[in-house]
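Visitor: All chains should be built: construct the whole structure from the sequences, respecting the hints.
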Amino acid sequence: MKIAIIGTGLIGGSIALKLREKDFASHIIGIDKSEKHLEDALLLKIIDEKSDFENGIKNADLVIISIPVDASRKILPSVLDLIDRKQTVMDVGSTKSGIVNSIKNHPKRDRFVAFHPMWGTENSGPESAKTDSFSGKAAVICDQENSAEDALKTVEKITEILEMHPIYMNAADHDIHTAYISHISHITSYALANTVLEKEREEDTIFQLASSGFSSTVRLAKSHPEMWVPIFKQNKENVLDVLNEHISQLRKFKSALEKENYQYLEELIRNANKIRGILE
Numbered sequence: 001m002k003i004a005i006i007g008t009g010l011i012g013g014s015i016a017l018k019l020r021e022k023d024f025a026s027h028i029i030g031i032d033k034s035e036k037h038l039e040d041a042l043l044l045k046i047i048d049e050k051s052d053f054e055n056g057i058k059n060a061d062l063v064i065i066s067i068p069v070d071a072s073r074k075i076l077p078s079v080l081d082l083i084d085r086k087q088t089v090m091d092v093g094s095t096k097s098g099i100v101n102s103i104k105n106h107p108k109r110d111r112f113v114a115f116h117p118m119w120g121t122e123n124s125g126p127e128s129a130k131t132d133s134f135s136g137k138a139a140v141i142c143d144q145e146n147s148a149e150d151a152l153k154t155v156e157k158i159t160e161i162l163e164m165h166p167i168y169m170n171a172a173d174h175d176i177h178t179a180y181i182s183h184i185s186h187i188t189s190y191a192l193a194n195t196v197l198e199k200e201r202e203e204d205t206i207f208q209l210a211s212s213g214f215s216s217t218v219r220l221a222k223s224h225p226e227m228w229v230p231i232f233k234q235n236k237e238n239v240l241d242v243l244n245e246h247i248s249q250l251r252k253f254k255s256a257l258e259k260e261n262y263q264y265l266e267e268l269i270r271n272a273n274k275i276r277g278i279l280e
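Residue numbers (the working numbering): 1 to 280.
Just so you know, not all the hints are guaranteed correct.
[Stated by the list, open to error] Distance ranges between label pairs, derived from CB positions:
{"id": "1", "residue 1": "Pro166", "residue 2": "Ile278", "range": "16 to 22 Å"}
{"id": "2", "residue 1": "Ile181", "residue 2": "Lys252", "range": "27 to 33 Å"}
{"id": "3", "residue 1": "Leu250", "residue 2": "Arg85", "range": "49 to 55 Å"}
{"id": "4", "residue 1": "Pro77", "residue 2": "Phe214", "range": "41 to 47 Å"}
{"id": "5", "residue 1": "Asp132", "residue 2": "Leu250", "range": "35 to 41 Å"}
[To be verified] The calculated lysine to aspartate or glutamate pairs, modelled on EDC-like cross-linking and capped at a C-alpha distance of 20 Å, are:
{"id": "6", "residue 1": "Lys2", "residue 2": "Glu122"}
{"id": "7", "residue 1": "Lys36", "residue 2": "Glu163"}
{"id": "8", "residue 1": "Lys22", "residue 2": "Asp132"}
{"id": "9", "residue 1": "Lys2", "residue 2": "Asp61"}
{"id": "10", "residue 1": "Lys153", "residue 2": "Glu198"}
{"id": "11", "residue 1": "Lys36", "residue 2": "Glu127"}
{"id": "12", "residue 1": "Lys33", "residue 2": "Glu226"}
{"id": "13", "residue 1": "Lys36", "residue 2": "Glu49"}
{"id": "14", "residue 1": "Lys222", "residue 2": "Glu198"}
{"id": "15", "residue 1": "Lys2", "residue 2": "Glu54"}
{"id": "16", "residue 1": "Lys130", "residue 2": "Asp48"}
{"id": "17", "residue 1": "Lys45", "residue 2": "Glu127"}
{"id": "18", "residue 1": "Lys45", "residue 2": "Asp81"}
{"id": "19", "residue 1": "Lys157", "residue 2": "Glu49"}
{"id": "20", "residue 1": "Lys130", "residue 2": "Glu258"}
{"id": "21", "residue 1": "Lys86", "residue 2": "Glu122"}
{"id": "22", "residue 1": "Lys104", "residue 2": "Glu39"}
{"id": "23", "residue 1": "Lys130", "residue 2": "Glu163"}
{"id": "24", "residue 1": "Lys137", "residue 2": "Glu21"}
{"id": "25", "residue 1": "Lys22", "residue 2": "Glu163"}
{"id": "26", "residue 1": "Lys157", "residue 2": "Asp132"}
{"id": "27", "residue 1": "Lys2", "residue 2": "Asp52"}
{"id": "28", "residue 1": "Lys130", "residue 2": "Glu39"}
{"id": "29", "residue 1": "Lys86", "residue 2": "Asp150"}
What the hints contain is simulated information worked out from the structure, not anything from laboratory work. Every residue gets a Cβ at the ideal spot worked out from N, C-alpha and C, and that includes glycine.
Guide: And the structure:
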């Protein structure tokens, strides 16, 4: 199968490597506004050739859109305009409602499958791509009833090759859930990093004293704004909802300390410990 990857960075590159390893992709075409990304992807054997937008899409059996969600929303109609009814298009965006709504009346809507692999790191670029990144993770397929059967089967096969387990839900529910389990984590990490940078002026002290717990908590703060500002923008209402709840929880901890109510503080922590049974 000939595959075109729009966006040859972390996610697109990792998918390409796995599809090549499993011989699902016979030829991989790279499309990217960054010439450096394309050259790096060629050197790393993530892609076989680079192409312009129109020719790359027309010459592929499958088109994978792996760029920031606002850009995906803008170009998806143009991608569908260029394909025929034998081609399949999928995206990998962290928000879904805005993307699916952008093509809800498109005559080739059924050639598109809304897909979200639940994996990512704070790194970016082709050099960050890894072959086995997705193994054991969830793959969310949204609004599958709006996709053609053969297009859906193609994406389900990719899910299998990536060694992921599929979850099906509508786009609106997806955006609510990801706000709670992904998007708020990034905001919290950014806020904590800014707090430490504001209060701790000695960078050497931060480096010397930072524990593994602190490092893991602020790891997401290294994620690039080019990716995350569009996500927060596209999922604004859901993110605001969870952010308000998060602020409410922080106020409970603040109040317990201010009032020296250590019994209540213990109750808050023990309640939080319930997450252990869910995640383990």
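Visitor: Confirm or reject each hint.
Guide: Here's how the hints hold up against the structure:
In this structure, Pro166 and Ile278 meet the distance hint of 16 to 22 Å, their C-beta atoms being roughly 20 Å apart. Checked against the hint of 27 to 33 Å, the C-beta distance between Ile181 and Lys252 comes to roughly 21 Å, which is inconsistent with it. Range check, Leu250 to Arg85: Cβ separation about 52 Å, and the 49 to 55 Å hint holds. Evaluation of the 41 to 47 Å hint for Pro77 and Phe214 yields a pass: the beta carbon distance comes to about 44 Å.
Under the hint 35 to 41 Å, the C-beta atoms of Asp132 and Leu250, about 37 Å apart, fit the expected range. Simply put, Lys2 and Glu122 have alpha-carbon atoms about 29 Å apart, too far for the 20 Å limit, and the pair is violated. For the given pair, Lys36 sits about 30 Å from Glu163 by alpha-carbon distance, which is inconsistent with the 20 Å threshold. Of the supplied pair hints, the one linking Lys22 and Asp132 holds, its CA atoms being roughly 11 Å apart against a limit of 20 Å.
About 5 Å separates the Cα atoms of Lys2 and Asp61, which keeps this hinted pair within 20 Å; it holds. Between Lys153 and Glu198 the CA atoms are separated by roughly 50 Å; this puts the pair beyond 20 Å, and the hint is violated. Between Lys36 and Glu127, the direct Cα distance comes to roughly 11 Å. Compliance with the 20 Å bound is thereby established for this hinted pair. Restraint check for Lys33 and Glu226: the C-alpha separation of about 14 Å stays at or below 20 Å, so the hint holds.
Distance restraint check for Lys36 and Glu49: the Cα-Cα separation of roughly 13 Å lies within the 20 Å cut-off, and the hinted pair is therefore satisfied. Restraint check: the Cα-Cα separation between Lys222 and Glu198 comes to about 16 Å, which is no more than 20 Å; the hinted pair holds. Proposed proximity of Lys2 and Glu54 is supported: the alpha carbons are some 15 Å apart, at most 20 Å. Proposed proximity of Lys130 and Asp48 is supported: the alpha carbons are some 17 Å apart, at most 20 Å.
A C-alpha spacing of about 11 Å is found between Lys45 and Glu127, which places the hinted pair at or below 20 Å, so the restraint holds. Note on Lys45 and Asp81: the hinted pairing is violated, with a Cα-Cα distance of about 29 Å set against a maximum of 20 Å. Distance restraint check for Lys157 and Glu49: the Cα-Cα separation of roughly 24 Å exceeds the 20 Å cut-off, and the hinted pair is therefore not satisfied. Taking the CA atoms of Lys130 and Glu258, the gap is near 47 Å; set against the 20 Å cutoff, the hint is violated.
Only pairs whose Cα atoms come within 20 Å are accepted, and Lys86 paired with Glu122 is rejected, the gap being roughly 36 Å. Proximity of Lys104 to Glu39 is assessed by CA-CA distance (about 35 Å); at most 20 Å being required, the pair is judged violated. Between Lys130 and Glu163 the alpha-carbon distance is near 14 Å, which keeps this suggested pair within the 20 Å criterion. A distance of roughly 18 Å separates the Cα atoms of Lys137 and Glu21; the hinted pair therefore holds under the 20 Å criterion.
In summary, the hint linking Lys22 to Glu163 is supported, as the alpha carbons are separated by about 11 Å, within the 20 Å threshold. With a CA separation close to 16 Å, the supplied pair Lys157 and Asp132 stays within the 20 Å bound. Pair hint Lys2 plus Asp52 holds up; C-alpha atoms about 15 Å apart against a cutoff of 20 Å. Between the alpha carbons of Lys130 and Glu39 the distance comes to roughly 17 Å, so the proposed pair stays at or under 20 Å and holds.
Distance check on the hinted pair: Lys86 and Asp150 sit about 9 Å apart at the alpha-carbon level, within 20 Å; holds.
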